[in-house]
Each structure stands twice: as structure tokens, then as C-alpha cells.
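Asks: Residue-level listing of the chains:
Number of protein chains: 4
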Amino acid sequence: MRKNAALLGATGAMGQRFVKMLEKHPFFDLRLLIASEQRKGKKYGKEVRWLLGSDVPEYVKDMEIHDFKLTNFEREGIDIVFSALPADIAREYEGKLREHGYTVFSNSSAYRMERDVPILIPEINAEHIELVKLQKERYGGYIVTNSNCSTSGLALALAPLRNYGIERVFVTTYQAVSGAGYPGVASLDICGNIVPYIKREEEKMRRETRKILGKLEKDEVKDYPVDIIASCARVPVRDGHLEAVVLKFRKDVEVEEIKRKMESMKGLEGLPTAPAKPVIVRDEEDRPQPILDAYAGEGRARGMSVVTGRFAKFGEYIRFYLIVHNTIRGGAGASILNAEYALSNGYL
Amino acid sequence: MRKNAALLGATGAMGQRFVKMLEKHPFFDLRLLIASEQRKGKKYGKEVRWLLGSDVPEYVKDMEIHDFKLTNFEREGIDIVFSALPADIAREYEGKLREHGYTVFSNSSAYRMERDVPILIPEINAEHIELVKLQKERYGGYIVTNSNCSTSGLALALAPLRNYGIERVFVTTYQAVSGAGYPGVASLDICGNIVPYIKREEEKMRRETRKILGKLEKDEVKDYPVDIIASCARVPVRDGHLEAVVLKFRKDVEVEEIKRKMESMKGLEGLPTAPAKPVIVRDEEDRPQPILDAYAGEGRARGMSVVTGRFAKFGEYIRFYLIVHNTIRGGAGASILNAEYALSNGYL
Amino acid sequence: MRKNAALLGATGAMGQRFVKMLEKHPFFDLRLLIASEQRKGKKYGKEVRWLLGSDVPEYVKDMEIHDFKLTNFEREGIDIVFSALPADIAREYEGKLREHGYTVFSNSSAYRMERDVPILIPEINAEHIELVKLQKERYGGYIVTNSNCSTSGLALALAPLRNYGIERVFVTTYQAVSGAGYPGVASLDICGNIVPYIKREEEKMRRETRKILGKLEKDEVKDYPVDIIASCARVPVRDGHLEAVVLKFRKDVEVEEIKRKMESMKGLEGLPTAPAKPVIVRDEEDRPQPILDAYAGEGRARGMSVVTGRFAKFGEYIRFYLIVHNTIRGGAGASILNAEYALSNGYL
Amino acid sequence: MRKNAALLGATGAMGQRFVKMLEKHPFFDLRLLIASEQRKGKKYGKEVRWLLGSDVPEYVKDMEIHDFKLTNFEREGIDIVFSALPADIAREYEGKLREHGYTVFSNSSAYRMERDVPILIPEINAEHIELVKLQKERYGGYIVTNSNCSTSGLALALAPLRNYGIERVFVTTYQAVSGAGYPGVASLDICGNIVPYIKREEEKMRRETRKILGKLEKDEVKDYPVDIIASCARVPVRDGHLEAVVLKFRKDVEVEEIKRKMESMKGLEGLPTAPAKPVIVRDEEDRPQPILDAYAGEGRARGMSVVTGRFAKFGEYIRFYLIVHNTIRGGAGASILNAEYALSNGYL
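Top to bottom, those sequences are chains U, V, W and C.
For what it's worth, this note's numbering labels the leading residue of the first sequence as 258, then goes sequentially.
For what it's worth, this note's numbering labels the leading residue of the second sequence as 258, then goes sequentially.
For what it's worth, this note's numbering labels the leading residue of the third sequence as 258, then goes sequentially.
For what it's worth, this note's numbering labels the leading residue of the fourth sequence as 258, then goes sequentially.
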């Protein structure tokens, strides 16, 4: 049942997170590392500027980097492709792979808003994966995306509350620098500073959240009808996006009920990267915090739990803060969990 | 017309800001430095752990620190008292001074919400100063407060919009560490981290903003009827509070009109610490930022202008970001401007 | 063979590191948590401000905090005491425990320079443990100390070079804020800043290194004859002390030989907290770095390896940089390794 | 006597510092802004990503950016050229300007080590400017360089001690991110981290210091005979390089004498950018610090004083720390001061 995996964008910051999370993975063997042409033929361990602790994992150190050629995928007998590409390149490469029958689990935004492409978070919208059948008919292969990093945390926290009728969301973010990749944000811009602007982020949070929380109806996801006003800023934090969320519900709800709903979400069983608790509620007066809470979750699912706290009710509004690890639950981990889900449920 | 001034809490972080802003002040001579008893008798220049650049200003270096005794105020012929005290001590000392006929301009929260005490921002609620007449009758002296640091920026940005009927404010803050005084926030808590909690701050923003924007009617300020939901966090920035603001108006307003209203606010003439433009609107896609914008304003009024930007309209909501220098416009500068206003308008 | 352990200073930053490293320890059961009197009777999990990731370890959450009373040690059948106390209190409490026959493994500086107390780093001066026999005769119990945090890294890197005759050491440090405990360094002092001063640190590096590298001769450690000039500064880094080291040898040595000597140091077998390689040499042009290298080492010994790099020869001088994790190899981990060594070699 | 000035590399981080320091300069009118070709024709105020506070200075806002063409220099009647170019481009452009008779004051390293080019610090080696006569004969124009940023601080602190016979210097740096330009250092590399490597910096400190401190003898600078071992690291600080310095003298010197020598250095009179005291000695136990001391100096000379402190004697060695503002005294300010000196002494 093990599958051969390829990774697009293997040397970037997000690619490195994939490499780390795929080490000794029970389902997938990473056999093909794709990067830009000028890195072709080099050893991964020599070529990458490794950002995740002291050493490049042993298993990839001596793997050769390849450029994007379909023959590479054939030669290695690739069953599944993970993509850590920037959106513009992703559009071309992921599309080409799909047309040649490949299955792509992509962290890129390129295809997220396509009608027949799911933005999958299996704990909350597993049925959206059905969309891949449409893609298979049309192209041969298919693409499953995970959401934008900030969106993933928001969607997981909101999902258990859908039935209360969320009318409006005001979300303000404090986003870590690792979200911008490498070299990404210049130190002169962010050391001791805040930059209240992240390109296209606010729009992504609005559109993607509505789709993720939506219902699959007749081959199409019908958006969850919520208005979202997002204000996004970059902060001098390494990992972990913090978000302040204010919700307006269509009916009156109490804080304790909301916390209970979040806490009672069940993790998916049998998937190595699925945390036991997708959302953890904390009661301390000053949590969640990036340094303390970004890596919530256990074992392979470390960094896959969203942590919420600081709940308060103001009239018809409920306020809370959440933390999501932007390159794990909001990136590589999300793609890998999606692939695990697809494999375990017969879509691979 | 020059007045003799005393400063309470002279060695703390906010006290230092007062000392710096009162250097060569055209109206006030700082003649009495009050600090806690164990510092009594020491030279200010030796005793203070100076945080504002290389050197303690010459004019205070050799001044002796005194403890709080009324005889000290009499001996120096003090006309006016600035207070940088923490709230609990302020309650006692400021009250005592008022009862002995002194005029206190206080940055402390102790008396802000008292009915006969104004939270003065002379550009936007100058008439509130009339309340001091009530105090004079009752106590002999009077207290004028300035608002909490985050509130000052919010109130200045909202004031020119009052006539549009602001129904609701959602404000989320990114607050600098200097706001917590010295030693204040531990580096282990904040370096590379965010702490989404500042004691009593959210409540202060709600209550004080309503009062500041209110109207003086028959010896009392009637709150401006707006609901405010504040979410406050500490960030690893030295100076300058950034705030994300979403407004809901009672009638439809366009972004351009709002920007025009903010820009057209006039500065107060003849007051040394009053900026020419109380609110500066910026059009860049990524401003305001603490490092670039916290010190907006010119000459003595450096740090006294609030800077706004990133305006957007989402249906019936308007969103923008603002920066306020928390220890200048949100602290010492606010107190000094209030004193300048009082003096220039015959209240001293 | 399992031993019952107590921990002094359990709620502080270093105490927390002990708690974390003692979780599921194969040799020691932590059964008694001692903190200051005002915390007495409270649950550890409620009382501690936990700084090391999301949650207090389960095994101590419900343990009650006790104050320092000998009856507590007796009741719990304590065999061994770990101390994370500040020096002044340590002097009293550790002394008292020793007089009552207890064995203390202390991170405190209080007893380090006593003639009959070893500063033990078992990979490099294991024979110094013999000193405890003198203590046992004199007091009944004994104290084993580990070195100051910066010193531990320096001593480990120098030890394999002792035979070349190190004549002089110039060491300049970049020390992390966790080294100052909690609350420790104020954020206003260190965010975006460097403080070139750490109380008594330079003297500790000089004296302790000479003793650690010395030889045990007739019941006394004879200092290794090296002159050390240390210049110590605090930097805005969370964990991991970086040190720039320049050595002058009594005879000519080549860089490659030095690297080989460091690399060939053997780890101690059979001790859970001993790293396979006490010193790791890196060849990249820009390593070691705190974020990438402070946690070098595997499993329980994570953070126990010192990492060196940037070797260069300038005439008769050799220069390199090193990183040591200040609260692991330079703190709790060092104490625990010492206790493991003592137990495995019959000193307990 | 006013001169028309051009600026090469006007939009970069160092170029911006030149622009700021040349505002309302009593001697120079900045009339020509040169940047890379793709910026040609654009307004400076629109094109630059301004890093030095809220706004681009008014006087350059509407100036057009030009590319490097000699006709531009002729048209504007340029008398003097400032260069903030990277070394590789500087080599070509500065050389070409010199051949066409222009006078260039350059912050670039391209020509620093040429025999007929001075690395001028007028307070300490003013006579080196005589070298420009050689250049004039050979090329028509001439180039005057200032030193590398870290070197400038070191050289200023050492110069008054030359007569004691400095035999050896061990210098270890803590260098600010602004030294690497913009975008420069990636935030993922430096936030909460230290990078102990700056390309070619250690070699520059060695070579340039020897030349700067040298004597002009028969048309050539004879190096000051000192061995320098430099260890350079980047730290998460915005502005201001801190350096730990250990000196070995050829004869015995006391700390107090050294401090007196440094303090007694005279500033140059009549030059707007020359500080009254080139070196300021501080006696506090924890100074100098970047945030507090980088901007030492007054008026136009703000950031032009080097600050030293933490003096100690260890046998035959003297240790101290120094701070130099890397883009002012170590960059734009140094070039401008050199130009002021040249003009005032008849070399222009």
C-alpha cells in the first residue's frame, strides 16, 4: 500500500517542511525532488539552505535534485505528487501533471478556487474530496489543495460552529515570517516592526473560508454564507500565525457552548498526521501564544492542532484568539494529511 | 507666564518621556522630581536607568529626587503637576494634591472615569475641560487626565467621523513593549512571540473612547453611543501601537470621505506640543508601520500625530489601520499638550 | 536501581528545564518539588508559568509544591537532590542538605569554587568526582556542581586540546536571554539591542574553565594553566549561547588537527543524557547558529552536544565559534548527566 | 563655495542615508540621483522604498532618477560625486568618473586598497588625502574612500593609542542588519538568531585598519604594524555595530590612560558633520549599547561619535567594547565628512 511520492519546490522553505514531515512516513516514500533548473543534478543536502534545525534529514541528503520533466516522474514510478510551488509556476506544472494522470496534493493557491478542485480539510469537509471524480473524468488525474495558511486555522475553528449560523467574521492576523518563504521578508522590514500588509491574503481568507465551510451539492461546493472581513499583518515571529476573531451569529450562543463544540471535534483515526484533537481550547488569560502553542499536537501531528483561547462575549458577538502553525497545519502538514485521507479512503 | 512644574513618577519609563519632552519647554519649568522613597536624595542622573537614548538631559542630571511630601511642592512654588504614576499610587497622591489646590495633569488611569474629571484630547473634546470647574469647587484643585495609550490613537482617528454615526468599532491591537513600563514585559515572554493579553486594556478602550468622544451636557459628559469590541495583544516592538480598526456606520460612507475628514482635522495653534496635523492619512499599501510612522509629527510635536492607512470598504464596514506613539501621544505628550491647552485658555 | 529525586527551585526557568528533562527518566523519579514558601501547597501545573512549550508535563501537573523543610525530603525517601536555585539561597539550602547526608547535583554557582566540590563534566574530567569522598567524610553528604552555562561549552571544546598546551583563550559571547531566568532580562533592554554586560559572568568563565580542565592531584584539582579573557554580552536570542573563541597554543597546531580532536571525542555509553558526540564540528561557512544548532544531540541528549565551526588560523592563533544550549548542556542537562554518571559509577 | 553633488546608488539603504544627511547641507547641493536603469525617469519619492522614518525628505521627492551616463553629470554641473554603490559596479562607475575628471567620495570597497587611494578618516589620518594628488596626475579626477563600517569604529578608537605600540587586536563584532543593505539579510536567518559570518568582513577589518592607522611616507601609506584577528557576526539589531576589542600593547599601559587618550581626541572644527568628540568614553557597567549609543553625536554629527566602555585590564591586555553607527560614521556620514574636509582644505 506504500506509495511513491514526488515533491515540487523541494528546496524552498515550504518544501523543506514537506521533506521533514515525510521522513519515515508510514504511507509515502519520497523518491523524487524537483526544484528549479539551475539546481538540477545537485545533491539535495548540499544545495538546500536548510532552515529547520541542525541537519537535512539523512534520507534526502544524497538524493539528486531534478528539474520538472515528466520522464522523471515516470522513471521513479511516482504515484502521488506534493507541491510546494509558488502560485504562478504551480499553475503550469500541476496542470500538466494532472493532464498526465497524476494526483497532486498542493499547497499552492493556483487551483484552489477552481470549481472542481477541493480545498480539503478532512476533519471538516471530507466529502469535498468527491470533486476529484470530476477532475479525473476531465483530465485523467486530479489536484487536491489545502487552504492558505491563515485560512486553515480559521476554518478549523469555525467548522464546529457552522450550525449556529455564523453571519459575519472579523479576523485580524499576526502572521509569522516563515509564511513568506525564503528569503521572504527582509529583516529591515520586520525586525522590531509590524507590516500591516500581506499580498492577496485578506481576499484569500474571505474566499477560501467560505468554500471550505461550504456544502457539496450536485458536483459543486456551495459556499457557506458568511461575510468575512480580514485584516492581515506580518509580525516578527518565526512560526505560527495568531488570529483575533470576532464572530456574529444568527442566533444567540454562549461562550461555553462554543468552547465545548470546539473541544469535542474528533480527530481522524488511522491517519498518521491527524491530531487527536483538531482544536484545543485553552483557558489561561494570556494564551494562545506562538512560541508556546504553535506546535500543539503529538508525534507526527505536532503542529497540526489549532489552539484557541481568550473567549469573551460582547452582546451578540463572540471573540477569541487562535494559533495555527502556518507551515504545518497551514502548509505541508495539511497536504500530507489530505494525501493520507485520500489513500485511506480509496481515492488513490 | 512660565509655570513651575513637578513630575510624579519621574524615574519610570513614562516619567523619562515627560523629562525628555519638558526639556526647554516654552511654558513649563520642571523643578521637582518625585519618585519612591528609596530614591530620595539621590541625583536624578545617577539614579535613573535612562531608556531614551544616550544621555539623561543635562537640565535634570543634577536635580535631586524627592519623595512625595506636600512641603516639597510648596518650597518649589509648584503651579502644575504632571503625573506618570501607576494607577494605585496615583489614586492617593493625585487626590491629595487636588485637595491641596494643585492642578494635576495625569497619565494615570486612576481618575479617568470619574464624572467630574475630563479625559482631555484638546483637538477633539476641548470643551470637556469645563469639568475642572466642578472639581475646583469641590476640592480646590483639579485633575485633567489623558487617555490610555491605545485609546488615544483610536479616539483621534474616530473623532472626525462622529457625525456619520459610528455604531460599532472592532479594534485589534499590536502594542509595543514600552507601554508596559520598565522592567515591564519579560524578554522570555515577548522576544519572537506575541502575548494576546494586556490587563484591563480592552475594557479601558471601550469605556474611555465613549467618554472622550462624548458631549459635555450640563456638567457631565454624555458618552458617545458606540459599541467597542477591543482585542489587545503585546508584540515585540519597542515603541508605537498599531491598531486594526473596523467601523460600522449608521449611514453609508465612502472611504474617500473618511480619509478627507481625517486629513482635514486642524492642529491647535500656539501650543508647542500640538502637531500641525493630528491625523495623517497614508496611501501606501503597507503603511502605517511602527518603525516608520510612530514618530510622525514635527519638532516638539514629534510622535503626536496619529497615522492611518490601508482603508477599505467591505459592504457597510470601513476598515483601516492606525499607529499612535504610545508614550508620546498616548502618554507624556498628551499630558503636556493638555497642560499647554489649559494654560493658554486660562484654566491655570 | 531507580532513585527518588527532589528538585529545588522547581518553578523557575531552569527548574522547568529539569522537570522537562526528568520526564520518564530511566534512572530518576522526581517526587518532590521545592519552591519558595508562598507557592507551598499549590499544584505545580497551576502555579508555574510554563515557558517550554504548550503544556506542563502530565507527570508533575498535580504534584504539590513544597517549601524547603528536611521532613519533606525524609517523607519522600529522597535519594538525590537537583538544584536550580539562585546562588544566594543555594548556599544555605544545599549546605544544609549535604550536612544531613543528602547528595546534591547543583546548577548553582554557590559551591563551585570550593576545593572539595567538583565542577563535573564527565566526558572531560570524570576523575574529579573523587572529590565527593572528601565531602562525605566531612559532611555526610556531598555536592556535585556543573559549570556556568557559557563555561560548559567552552570547556567541552577546549578539553580535547589540552595536550597541545593552550596558553591563552580570548572568548567573546553572544548569550541568550533564557540564561537570565524569568522574568530576567527586560524586553526594553534587549529587544533589538545588545547588552555587553552579564554580572560576574566573565570572572566565572575564567575561574571555572581553569578548574574544569585541571587535574586531580592528591585530593585537589590543580588548575589547568591557561589565561582566559572573557567578554560577555546578552543578545536577543531565546536559547543557545554563541561564543567566538581565539586560542593561543604553546606549540604550533593546525586547524584540521584541532577539528579532528574535537570530532573524535567519545560520548559516554549507557548514560541516557550523554550525547554520542559531545562536540560536533560543522564545515559550513556560517555555522553554528543558535536557531539551527542549539538543540544538537539526539533523543534525551538533545541540546547536549556543543557545535563548533568557522575555524581559521591566524599565525599562532586558532579561531572558532561554538554554540552550547545554555539551559541544557549549560544547566539542567549537565546536572542530570552528572547524576547519571555518579549513579552508574557507584557514587550514589 | 557651495558645490553641486551627485549620488550613485541613490535608492539603496545606504543611498537613503546619504539623501537624509545631505538635506540642507551647508556645503553641498544634491542635484543628481543615479540608480539602476530600470528606475530611470521615475520620481525618487515614488520609486524608493524609504527605510529611514516616515517620509522621503521633501527636497528629493520630485527629483527624477537617472541612470549612469556622463552627460547627466555634465548637464547638472556636478562638482562632486558620492557613491553608495556595491563594490562590483563601483569599480566600473567610479573609475570612469575619475577618468573624466570627477571627484568621488565613495563608501564602496572597490578602490580602498589601491595604493594611491586614501581610506580617509580626517580626525585621524588627514594627511592621507595627499594621495589624491597622485590620482589627479594619473587620471584627472580622484577617489577618496571611507572604510568598511566595522573598521571605522575600530580605527577611531585605536588611533589615539597608536603611540603606545598596539601589537595585536582581537576584535569580535555584533553587527546590525542595516549593514547588509536592502533587502539584505532574510528575516528567517536573523530574527531571534545570530549568524557568525559576514562575507569578506574579517579580512576588510584586518587590511583597512592597518592602512588607516598607517603613515604617509613618500606618496604611499605605510601600514601600521598591527596584527588583527577579527571575528564577525550579524545580530538582530537594526542600526549600530557593537565590537568587543582586546588589545595587546608593546608597552604597559593603564586603562585610565587609554580612556583619557580617547576622550581627549578633538573634533574637527568648521565641518558640519564632524562631532565635537570623535570618541566618547562611558563608565556605566553595561554600556555602550546599540539602542542607546548608536546615535551619539549632536546635530548634523548625530551618529558620528564612536562610544566606548567596559574597559578592563587583564595582564598585558586591555579590553573594551565600542559602538559605531554603521551607516553614518561607518557609511554615508564618513563620506560626507571626507568631502567637507576636502572642500575646506582646498582639495575640491
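Derived by calculation from the structure, the hints in this document are not laboratory data.
Cβ atoms here follow ideal geometry from the backbone N, Cα and C, with glycine treated the same way.
Where hints are given, some of them may not hold.
Derived PhoX-like pairs (lysine-lysine); straight-line CA-CA distance at most 25 Å [unchecked claim]:
{"no.": "1", "chain 1": "W", "residue 1": "K456", "chain 2": "U", "residue 2": "K534"}
{"no.": "2", "chain 1": "W", "residue 1": "K534", "chain 2": "V", "residue 2": "K299"}
{"no.": "3", "chain 1": "W", "residue 1": "K516", "chain 2": "V", "residue 2": "K456"}
{"no.": "4", "chain 1": "U", "residue 1": "K570", "chain 2": "V", "residue 2": "K303"}
{"no.": "5", "chain 1": "C", "residue 1": "K277", "chain 2": "V", "residue 2": "K516"}
{"no.": "6", "chain 1": "V", "residue 1": "K393", "chain 2": "V", "residue 2": "K326"}
{"no.": "7", "chain 1": "U", "residue 1": "K516", "chain 2": "U", "residue 2": "K534"}
{"no.": "8", "chain 1": "U", "residue 1": "K303", "chain 2": "W", "residue 2": "K303"}
{"no.": "9", "chain 1": "W", "residue 1": "K570", "chain 2": "V", "residue 2": "K303"}
{"no.": "10", "chain 1": "V", "residue 1": "K393", "chain 2": "U", "residue 2": "K456"}
{"no.": "11", "chain 1": "V", "residue 1": "K318", "chain 2": "C", "residue 2": "K516"}
{"no.": "12", "chain 1": "C", "residue 1": "K299", "chain 2": "U", "residue 2": "K456"}
{"no.": "13", "chain 1": "U", "residue 1": "K456", "chain 2": "V", "residue 2": "K318"}
{"no.": "14", "chain 1": "U", "residue 1": "K516", "chain 2": "V", "residue 2": "K534"}
{"no.": "15", "chain 1": "W", "residue 1": "K570", "chain 2": "C", "residue 2": "K456"}
{"no.": "16", "chain 1": "C", "residue 1": "K277", "chain 2": "V", "residue 2": "K534"}
{"no.": "17", "chain 1": "U", "residue 1": "K475", "chain 2": "U", "residue 2": "K390"}
{"no.": "18", "chain 1": "U", "residue 1": "K318", "chain 2": "W", "residue 2": "K281"}
{"no.": "19", "chain 1": "U", "residue 1": "K277", "chain 2": "W", "residue 2": "K516"}
Only part of the chain U face toward chain W is listed, based on derived beta-carbon distances under 8 Å [stated by the list, open to error]:
{"no.": "20", "residue": "E315"}
{"no.": "21", "residue": "G449"}
{"no.": "22", "residue": "S521"}
{"no.": "23", "residue": "L549"}
{"no.": "24", "residue": "Y552"}
{"no.": "25", "residue": "G556"}
{"no.": "26", "residue": "Y604"}
Asks: Hint by hint, note whether the structure agrees.
Replies: Status of the hints after comparison with the structure:
In summary, the hint linking W:K456 to U:K534 is not supported, as the alpha carbons are separated by about 45 Å, beyond the 25 Å threshold. A C-alpha spacing of about 55 Å is found between W:K534 and V:K299, which places the hinted pair above 25 Å, so the restraint is violated. Of the pairs offered as hints, the one joining W:K516 and V:K456 is violated, with about 52 Å between alpha carbons and a cut-off of 25 Å exceeded. At most 25 Å may separate the alpha-carbon atoms for a hinted pair to count; U:K570 and V:K303 exceed this at roughly 49 Å.
For the hint linking C:K277 to V:K516, the alpha-carbon distance of about 29 Å lies beyond 25 Å, and the restraint is violated. Restraint check: the Cα-Cα separation between V:K393 and V:K326 comes to about 21 Å, which is no more than 25 Å; the hinted pair holds. A threshold of 25 Å between alpha carbons decides the hint, and for U:K516 with U:K534 the separation of about 13 Å falls inside it, so the pair holds. Proposed proximity of U:K303 and W:K303 is contradicted: the alpha carbons are some 47 Å apart, above 25 Å.
Taking the CA atoms of W:K570 and V:K303, the gap is near 45 Å; set against the 25 Å cutoff, the hint is violated. Between V:K393 and U:K456 the alpha-carbon distance is near 55 Å, which puts this suggested pair outside the 25 Å criterion. A distance of roughly 22 Å separates the Cα atoms of V:K318 and C:K516; the hinted pair therefore holds under the 25 Å criterion. Note on C:K299 and U:K456: the hinted pairing holds, with a Cα-Cα distance of about 24 Å set against a maximum of 25 Å.
The hinted pair formed by U:K456 and V:K318 fails the criterion: a straight-line CA distance of about 49 Å is larger than 25 Å. Between U:K516 and V:K534 the alpha-carbon distance is near 45 Å, which puts this suggested pair outside the 25 Å criterion. Distance restraint check for W:K570 and C:K456: the Cα-Cα separation of roughly 17 Å lies within the 25 Å cut-off, and the hinted pair is therefore satisfied. At roughly 23 Å between alpha-carbon atoms, C:K277 and V:K534 fall within 25 Å of each other, so this suggested pair holds.
Under the criterion of a C-alpha separation no larger than 25 Å, the hint pairing U:K475 with U:K390 is consistent with the structure, at around 12 Å. The hinted pair formed by U:K318 and W:K281 fails the criterion: a straight-line CA distance of about 32 Å is larger than 25 Å. Of the pairs offered as hints, the one joining U:K277 and W:K516 is violated, with about 29 Å between alpha carbons and a cut-off of 25 Å exceeded. The restraint placing U:E315 at the interface with chain W is violated, with a minimum CB-CB distance near 12 Å, outside the 8 Å limit.
Because the beta carbon of U:G449 sits about 4 Å from the nearest beta carbon in chain W, less than 8 Å, this interface hint is met. Checking U:S521 against chain W: minimum C-beta separation of about 19 Å lies over 8 Å; hint violated. A cut of 8 Å between beta carbons decides the hint on U:L549: the least distance to chain W is about 6 Å, and the hint holds. Look at U:Y552: its Cβ gets to within about 7 Å of chain W, closer than 8 Å, so that hint holds up.
Checking U:G556 against chain W: minimum C-beta separation of about 14 Å lies over 8 Å; hint violated. For U:Y604, the interface hint is violated, the least distance from its beta-carbon to any beta-carbon of chain W being 33 Å, above 8 Å.
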